[in-house]
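Enquirer: Listed in order, the protein sequences are those of chains A and B.
For the first sequence, position 68 matches number 68 in this note's numbering, and the numbering has no gaps at all.
Numbers given in this note's numbering equal positions in the second sequence, counted from 1, plus 1000.
For the record, the hints were derived by calculation from the structure and aren't laboratory data.
Note that the Cβ used here is the ideal one computed from N, Cα and C, for glycine as well.
One thing to keep in mind: the hints can contain errors.
To give a feel for the contact side, a few chain A residues facing chain B, derived at Cβ under 8 Å [to be verified]:
| no. | residue |
| --- | --- |
| 1 | 25 |
| 2 | 46 |
| 3 | 101 |
Now the stretches of chain B that chain A is said to cover, found in silico as 3 or more residues with beta-carbon under 8 Å [said to hold, decoys possible]:
| no. | region |
| --- | --- |
| 4 | 1039 to 1052 |
| 5 | 1107 to 1115 |
Cβ pair distances, simulated, as ranges [claimed, not checked]:
| no. | chain 1 | residue 1 | chain 2 | residue 2 | range |
| --- | --- | --- | --- | --- | --- |
| 6 | B | 1041 | A | 25 | 21 to 29 Å |
| 7 | A | 28 | B | 1052 | 42 to 50 Å |
| 8 | A | 19 | B | 1110 | 24 to 32 Å |
| 9 | B | 1085 | A | 26 | 37 to 45 Å |
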Amino acid sequence: DAKTTQPTSMDCAEGRAANLPCNHSTISGNEYVYWYRQIHSQGPQYIIHGLKNNETNEMASLIITEDRKSSTLILPHATLRDTAVYYCIVRASGSARQLTFGSGTQLTVLP
Amino acid sequence: GAVVSQHPSWVICKSGTSVKIECRSLDFQATTMFWYRQFPKQSLMLMATSNEGSKATYEQGVEKDKFLINHASLTLSTLTVTSAHPEDSSFYICSAVTGGSASGELFFGEGSRLTVL
């Protein structure tokens, strides 16, 4: 699985959009971009994933660049409960393999 | 989404005792489950892959005789930390794969915090 690079930490004001970047310059054609988050002392929670088109669900939006070398997770209206470590992971489609977690980004939503 | 449940959510034990942690897929069958360990302020590290009906596959550096994994059914995998020591204190998390190998979506349990005194 391709390696990802994320900023160590970010702050965001409550109610504003949180934009979390991820670089995955070595991603291959069959690898999806997955986002998970981990609130303190809980298991990781799935957020969203995509291949090359932008994706949106009730939690977030995922914007993938045309060359697929980077992506951005957008939480449109961050709340205090969104404070967590956010992990960007790339993984091949149709793969039942385990996820390899990097360091992630600690997002702190400020009141 | 699919639900994966771990039990206990936290446990405190004395050094030298063994502790069993259960991971259950509540609404789907999981032929494959993964066990992770997470130390404070660190990321999740894969310990082993648990396959129903066969022996677990351990990552390099993980002692299979110390961390016993049993995956006897399609909905249950157990991790037993044998002769636990304070350095085994950690947050243990399991994940389970839904569907067949063609889909392979992963869902995580809530984690089990082990403290060894």
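Enquirer: If a hint holds in the structure, say so; if it doesn't, say that too.
Expert: Against the structure, the hints:
no. : hint                         : verdict
1   : 25                           : 20 Å, violated
2   : 46                           : 7 Å, holds
3   : 101                          : 4 Å, holds
4   : 1039 to 1052                 : holds (count 5)
5   : 1107 to 1115                 : holds (count 6)
6   : B:1041 with A:25: 21 to 29 Å : 27 Å, holds
7   : A:28 with B:1052: 42 to 50 Å : 30 Å, violated
8   : A:19 with B:1110: 24 to 32 Å : 28 Å, holds
9   : B:1085 with A:26: 37 to 45 Å : 39 Å, holds
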